[in-house]
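Residue numbers (our numbering), protein chains in the order written: chain A, 9 to 274; chain B, 117 to 366.
Hint data in this document are derived by calculation from the structure and do not stem from the laboratory.
Heads up, the beta-carbon is just placed ideally off N, CA and C, and yes, glycines get one too.
Among the hints, a few may not be true.
[Claimed, not checked] A partial selection of chain A residues facing chain B, derived with a Cβ cut-off under 10 Å: (1) Ala116; (2) Phe142; (3) Arg229.
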Amino acid sequence: MSSRDGVTRPLPAFLVIPALIGTFFFLVPLIGLVARAPWGNLFTLLKSDIVVESLRLSLVSSTAASLLALLIGVPTAFVLARASFPGRSIVRGIVLLPLVLPPVVGGAALLFGLGRNGILGGPINSLTGLTLPFSIWGVIVAATFVATPFLIITVEGALRSADQRYEGAAATLGASRWTTFRRITLPAIGPSLIAGMVLTWARAFGEFGATVTFAGNLQGRTQTMPLAVFVALEQNRDAAITISLIMVGVSLAVLISLKDRWWRSV
Amino acid sequence: MRRLSTAILMAMGLFLAGCSSSGNGDRLVLVVSAASSLSDAFTEIEAAFEAANPDIDVQLNLGGSSALREQILAGAPADVFAPADLVPMDLLVAERLIDGDPATFATNSLAIALPPGNPGAVTGLDDFANPELLIGLCSEEVPCGGFARQILSNAGVAASIDTNEPDVRSLVSKIELGELDAGIVYATDVASARGELEGIDIPAEFNVTVLYPIAVLADSLHPAEAEVFVEFVLSDEGRKALEQAGFGAP
Numbered sequence: 009m010s011s012r013d014g015v016t017r018p019l020p021a022f023l024v025i026p027a028l029i030g031t032f033f034f035l036v037p038l039i040g041l042v043a044r045a046p047w048g049n050l051f052t053l054l055k056s057d058i059v060v061e062s063l064r065l066s067l068v069s070s071t072a073a074s075l076l077a078l079l080i081g082v083p084t085a086f087v088l089a090r091a092s093f094p095g096r097s098i099v100r101g102i103v104l105l106p107l108v109l110p111p112v113v114g115g116a117a118l119l120f121g122l123g124r125n126g127i128l129g130g131p132i133n134s135l136t137g138l139t140l141p142f143s144i145w146g147v148i149v150a151a152t153f154v155a156t157p158f159l160i161i162t163v164e165g166a167l168r169s170a171d172q173r174y175e176g177a178a179a180t181l182g183a184s185r186w187t188t189f190r191r192i193t194l195p196a197i198g199p200s201l202i203a204g205m206v207l208t209w210a211r212a213f214g215e216f217g218a219t220v221t222f223a224g225n226l227q228g229r230t231q232t233m234p235l236a237v238f239v240a241l242e243q244n245r246d247a248a249i250t251i252s253l254i255m256v257g258v259s260l261a262v263l264i265s266l267k268d269r270w271w272r273s274v
Numbered sequence: 117m118r119r120l121s122t123a124i125l126m127a128m129g130l131f132l133a134g135c136s137s138s139g140n141g142d143r144l145v146l147v148v149s150a151a152s153s154l155s156d157a158f159t160e161i162e163a164a165f166e167a168a169n170p171d172i173d174v175q176l177n178l179g180g181s182s183a184l185r186e187q188i189l190a191g192a193p194a195d196v197f198a199p200a201d202l203v204p205m206d207l208l209v210a211e212r213l214i215d216g217d218p219a220t221f222a223t224n225s226l227a228i229a230l231p232p233g234n235p236g237a238v239t240g241l242d243d244f245a246n247p248e249l250l251i252g253l254c255s256e257e258v259p260c261g262g263f264a265r266q267i268l269s270n271a272g273v274a275a276s277i278d279t280n281e282p283d284v285r286s287l288v289s290k291i292e293l294g295e296l297d298a299g300i301v302y303a304t305d306v307a308s309a310r311g312e313l314e315g316i317d318i319p320a321e322f323n324v325t326v327l328y329p330i331a332v333l334a335d336s337l338h339p340a341e342a343e344v345f346v347e348f349v350l351s352d353e354g355r356k357a358l359e360q361a362g363f364g365a366p
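Construct the entire structure; sequences and hints are all you get.
Given below as structure tokens:
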């Protein structure tokens with residue numbers, strides 16, 4: 009964005025050199041992965057059961073998790089950004105905790121809370137017979153748990169930096185709350201909402217620790233791509249690398265599509 | 117530019133200083149890569165060994181045997197290797213990564229593990245075919261998963277599996293929490309669970325005997341001290357700790 013202010017001076021070496029080292033640091037593992045790829049029989053591997061089934065499961069569960077995140081994350085972001093109530097920082101801390109918590113801790117906590125014998129999962133199980141762990145619902149719940157904070161933090165940031173006077177003006181002019189939301193607020197936070205959804209989806213797509221802890225690992229039922237990589241790495245390395253390449257390709261495409269939307273809120 | 121390079125050098129110096137004094141004083145560090153099923157026994161052995169050899173700091177690297185084997189193949193530093201099965205050890209012997217001959221120091225068998233109270237009313241291996249029950253095994257890639265499948269095939273049971281856990285500890289904790297109705301784990305896991313697990317013995321005709329080998333790695337930085345540790349594991353004191361954890365003598 010240097011053209012925006014019309015001045016393009018070369019950046020000093022004390023920034024450029026560490027930046028190059030940093031980029032190289034992130035690039036080396038990728039090169040390592042690509043170098044080990046079984047290019048010869050990649051096509052056969054792409055059609056193997058473990059790859060096809062884990063890809064399908066990952067796509068379904070991360071998309072479902074993103075939709076759930078939209079349903080619960082956006083209202084939460086609104087409450088955090090627009091409502092003023094005691095303990096708001098505590099609420100924000102609780103809903104953003106999965107951002108920094110080790111996913112395996114999240115998975116264990118999910119078991120204690122929503123497992124078959126969990127404090128909420130127990131009653132649900134005895135009333136409805138529904139068991140979340142070891143089912144695709146468990147995979148979706150784990151992915152939603154770790155990924156939704158990405159949407160909340162992005163949308164809350166956008167709402168805070170959006171100019172609320174436009175909403176006020178719309179209301180003064182007789183717009184209903186729904187119209188104001190649809191015509192004023194939504195366009196204002198639109199780019200951030202999309203960016204947040206993309207990040208949420210990508211995080212859910214790459215989720216491993218909470219999933220394996222909460223939902224277990226069964227090919228075709230709960231084995232997403234990261235889990236398949238983990239169990240295949242030792243015995244079926246070519247399949248593991250093939251799955252890793254798919255994950256890198258998809259995630260990279262998603263992140264590149266973001267461009268600089270994440271921090272450019274309005 | 118000069119000021120920058122000074123800063124980088126200083127940062128590197130601080131980093132290196134931080135590495136060399138990571139809190140173990142002048143003690144020599146011995147990395148022991150051991151199967152997760154050895155966690156309890158080796159934690160005890162570590163304490164006893166360090167009490168007898170105050171100048172050596174044993175660091176246990178516990179994990180799935182095949183994951184540990186992969187770490188070593190990939191060049192991760194380790195001095196002693198003790199997997200739960202001969203296969204990972206033989207692989208490293210074939211790769212000339214083992215110094216001398218591995219010694220068998222313990223035996224183990226497998227058992228059916230159930231949550232306290234046995235909510236699934238499991239009575240034996242036959243129940244593993246019941247699709248109504250939540251059944252867990254170790255993943256096929258780790259030894260406990262291979263043994264479990266061998267036992268089920270010995271007993272002619274087509275199991276209805278709900279999860280293949282990446283290692284035996286995660287399988288044990290899911291059974292302890294009552295999230296699974298039954299699983300096949302090491303007899304030592306049931307022995308060390310102290311009431312948090314119920315166990316059913318697997319008939320000897322179907323069960324397998326697992327041999328635990330131990331050896332010093334060829335790339336060990338402290339082969340002499342590593343040998344002392346191996347001898348300690350094989351000694352009466354090591355034997356006692358292993359027996360307490362439910363292991364058999366070779």
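Going down the list of hints, with the structure as the test:
Nearest Cβ of chain B to the Cβ of Ala116/A: about 8 Å, under the 10 Å cut. The hint holds. Taking 10 Å as the C-beta contact cut-off toward chain B, the hint placing Phe142/A at the interface holds, the least distance being around 4 Å. Hint status for Arg229/A relative to chain B: holds, with the closest Cβ pair at about 8 Å, below 10 Å.
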